[in-house]
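Asker: Single-letter residue listing:
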Amino acid sequence: MRTGHYKESLGQLVALTDSPTVKAWSIGLVVVLLAAPFAIGNYGLTLMVSALIAVIGAVGLNMLTGTTGLISLGQAGFLAVGAYTNAILLADFGWPVWLSLPAAGIAAAIVSIIVGIPSLRLKGLYLAITTLAFAFIINHIILYAEWLTHGPNGVFVTGATLFDIDLQKGKPLYYLTLGITILTILAALNISRTRIGRAWMAIRDHDIAARVMGIDLVRYKLLAFMCSSFIVGIAGALISLQIRFVNIDVFALILSIEALAIIILGGLGSIAGAVLGAVFLSFLPEAIRLFFTAFVDPNSTFYTSYVFEIRGVVYGVVIVVFLRFVPDGLIGLWRNVRKYWSNWPLAY
Amino acid sequence: MDFFLLLISTGLVSGAAYGLIAMGFALIYKATGVVNFAHGELVMLTAYISFSLASAFDLSFFPLMALTIPISMAIGLALERIFIRPMLGEPIFAIVMVTVGLAVILRGVTIMIWGPDPFNATAGLPTGVIEIGSIPFYPAQLYMIGALAVMTLLAWLFLRFSRLGIAMRAVAANETAALLVGISVSRIHAFAWMFSSAIASVAGVLFAANFKLAPDLWFQGLKSFPAVILGGMDSVIGAALAGLIIGVVENLFQGYVGQGLREISGFIVIIIVLMVRPYGLFGSREIERV
Amino acid sequence: MRKHIIAITAALMLSTTAYAAEPGVTDTEIKVGDVNIMTGPASFIGRAVAVGSKIAAAEINAAGGVNGRKIVVVTEDDGYIPARSFQALTKLIEVDGIFALNGTSGTANVLAMMPLITENNLPTVVTTAPNELVYKPVRPSVFTVGASYSDAFYGQLKYIHDNLVKEGGVYGLIRQDDDFGGAIEHGYERAVKEFGLKDAMRLRYKKGTANFAAEMAQMKQAGVNVLANGGIIAGAANILGEARKLGMDMQVAGVWSEDMPPSVNLSAPAGYDYLVADYVALNGPAVDAFLEKAKQFASADEIAAINRYTYITYVGLKVLANAMAQCGQDLTRACTIEKLKATNGFDAGGLTAPISFDNEQQLSGTAVAVYQLNAKDKTFKALTDFVEY
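Chains as they are written, first to last, in this note's numbering: chain A, 1341 to 1688; chain B, 59 to 348; chain C, 2 to 390.
Excised from the complex, chain A in its bound form (with noise of 0.2 Å):
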């Protein structure tokens, strides 16, 4: 048991970790992770790709609604800015692949600006309409602006390279993305615990208090939106890799209530939740599928005519479900394991 912190150095201080437990713990999971893909077929790479961008898109929407509590509901506009800018950059200006996604992500940023200056004075859900608002309107420019982003028809995503490896199939864009999750994961990680961080927390408990100590709510919010969407483009842009067609189709509101929902499940305000909430959405569909397949008879009518449907219905009925047994989330489930687990047979 641990009975003080010794800190030596500067190093030592800012250290995202002391504990050498969660160091080996952490690389494991990474070493599982990189080996992954020579165990699981292709259609598992598929999905944990697409679970690892969801991963992405969490931790970028829990810093600006977690962390500083402002509440987006937008997300689905930004995913599509920085979707389209990396497929517009990579297919129409044949940009490299590891300059278009910064710039998604960057183009994203700029794009949250104008989103973020008319949002200040709004609190709650006044603020997230307004950003559903904007994701509306977004998506009706990008649907009209057809000289630059062909409207309608969409852009058909090739030529993501890098040293002649096709970054769009199978291993690589897996190993792409993995790199990418784990930046984005310590960058997360370390924003939360500077002085941006703190600021960010602060507005979120009590924003009128932190004016009162001197924080610029403006500057602070609008570099949250910032933060926030650089890190939603590039999952956006990794979209655009991953299906390598995009349409605003593929963005539609829905996705915004989705990345809501992997917050909420999570747990709000750790990025630890947003994680765990990403990947147990992404995967509750398969599971749900494999589990109708292994237990349910497949011959009744009933099932064969609405096993789609079926499908949806128990997705929301495991979400409804989960928040009834576990509020605060996947986090708050696993605290309470952990706190278990060290305490017992003590209560406390």
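Any given hint might turn out to be false.
Pairwise CB distance ranges, derived in the manner of DEER restraints [unchecked claim]:
no.: 1; chain 1: B; residue 1: SER113; chain 2: A; residue 2: LYS1463; range: 31 to 37 Å
no.: 2; chain 1: A; residue 1: VAL1370; chain 2: C; residue 2: ASN345; range: 54 to 60 Å
no.: 3; chain 1: C; residue 1: GLU120; chain 2: A; residue 2: PHE1503; range: 50 to 56 Å
no.: 4; chain 1: C; residue 1: GLU120; chain 2: A; residue 2: ALA1376; range: 17 to 23 Å
no.: 5; chain 1: C; residue 1: ASN345; chain 2: A; residue 2: THR1501; range: 48 to 54 Å
no.: 6; chain 1: A; residue 1: ILE1548; chain 2: B; residue 2: SER113; range: 29 to 35 Å
no.: 7; chain 1: A; residue 1: LEU1369; chain 2: B; residue 2: SER110; range: 36 to 42 Å
Everything labelled a hint here was simulated from the structure, so no lab data went into it. No experiment lies behind these values; they were computed from the predicted model shown. Built from N, CA and C at the ideal position, the CB exists for glycine as well.
Starting from the known structure of chain A, fit chains B and C onto it as the hints suggest.
Answerer: Same frame as chain A, but now just chains B and C:
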């Protein structure tokens, strides 16, 4: 001039639809603080139920509503008891997400029971064209505007003069204080859901009568959000008025500026209004103690 | 180091494709995939497609299958969402191991699946999304059946101009603001240019719009008496309802989705005898014969769900099976694609014009017939035969 009057008149119709749906949202938010993301699906479900009733019994409009409204109130009560009541005391985000999950369930259940085909749901209303002045109307459209007027009046009277309505306002203002005064907060929550479902059923039946009954009717719930926000999230009357404003603005935009700007015109309006009045037109300002 | 990365990656990628010699084919069965809209409001299309596949497969299997192998249709849902189509097709290819693809959902969906189709050289018959983007540029393993919306509208407007409104026609167009609407405007534009029509108003609306009052008021103000109605299902019905309210007297040309029974039920009360153009037969001996077959292989619920999408999917699977049969016992994807490409004059039982894929775009069924609705008894009358426009 005729063109202008046509736009205004039909804008009032679609605005009335937005307003009715928005009133339901606002009522639940006012009394319970929960944003009910499943409201659009509730509108759709009650519209389908009334369609089945109308086909089975061949009723005209008012008997149909007399049958549908109690059933939808029962459904609202059941949903509140099953899904929301167990979440009492949990963080508000969790309750909102439960409504999102509930929305998914209701969407799937509706298609499972009634199938994905769209229907003509005339709700027992006559279908001939009526002329008022030089503007033609369908009876369903007039009923929609009338329903909004009636519902707004009822809501105003209820919240102002009836014991239950005043109790609801007390719960909305401060739950703890309401409990101290002896108001049963959980009963008020149940009533809020029941009345919201009643309004939803009126909205659903009339919307289907005007614009056909299809399993994508739930999307109108999302489209009514601007009306809720514009009116102020906890103002029921404000929601009705804001709905009318948005309906008319949308039509005028489409008619004079044109080219698919109908949808986003509503959103642009609310962005501009919110920059000036961050709590909507009639919303109450949240007073924060520092 | 870089060479090592390339070599290892190449070896890994090769190793994953080497085993896929001929997936989906065993001695007793052939797996045909179907990515379909099985959930959500558009699922009445998916349902009809599933019935078409089922009837075609059952009929072929009852006659002994394809060279002794039975056809098994594997369906996966995409809910009309392109990202899910991509995932669904990945699952069908990787987990179920399909041999060919017959159901392809909507336009954006099939385009999202296109990279996977070309990568796996998957023989694909596209019958429900005949959009130009699908066959231009042409992909070697993709065969499209269906006329474009552009030709369908051109044919109808031509008929109206030649026979119904010979002079004094004021034309208007209302369409969705996506690629589907764009194709309709293309056909409208062509008719306007060719016949020198008076083009009074072109309007766009966003998908999901229910209230068309402003649009129809604009049409009335412009004096339109021939409407190219690019709305579908409830949208089309609401457009016609508004027009009836405004007392507009006009000829209407519509999308082929309006010949489906649910759409007719919605639109008929407005009283307009609107036209549709379709590359599938809507009535006549071919359809009667098909319904007879359907009674043998499908349940009553499924028969009630039959519409034009059923016919076209049935034809698609029959053409695919025909090509597979010509390959004999040694059934490979490459051989199937070759035989599909050589298909000429395949008799679709009169449900469409004969199918021929031996052209550059591997496109067929482009002839449309124009029908007119009788709003009172909700039946269609054929005005023209299948004509190429």
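Asker: Determine for every hint whether it applies to the structure shown.
Answerer: Hints and how they fare:
1. B:SER113 - A:LYS1463: 31 to 37 Å: violated (46 Å)
2. A:VAL1370 - C:ASN345: 54 to 60 Å: Check passed, 58 Å falls within 54 to 60 Å.
3. C:GLU120 - A:PHE1503: 50 to 56 Å: Violated, at about 21 Å.
4. C:GLU120 - A:ALA1376: 17 to 23 Å: The hinted range 17 to 23 Å holds for GLU120 (chain C) and ALA1376 (chain A), with Cβ atoms some 22 Å apart.
5. C:ASN345 - A:THR1501: 48 to 54 Å: violated (40 Å)
6. A:ILE1548 - B:SER113: 29 to 35 Å: Taking Cβ atoms as reference, ILE1548 (chain A) and SER113 (chain B) lie about 57 Å apart, which means the hint is violated.
7. A:LEU1369 - B:SER110: 36 to 42 Å: violated (53 Å)
Checked against the numbered hints given earlier, this structure breaks hints 1, 3, 5, 6 and 7; the rest are met.
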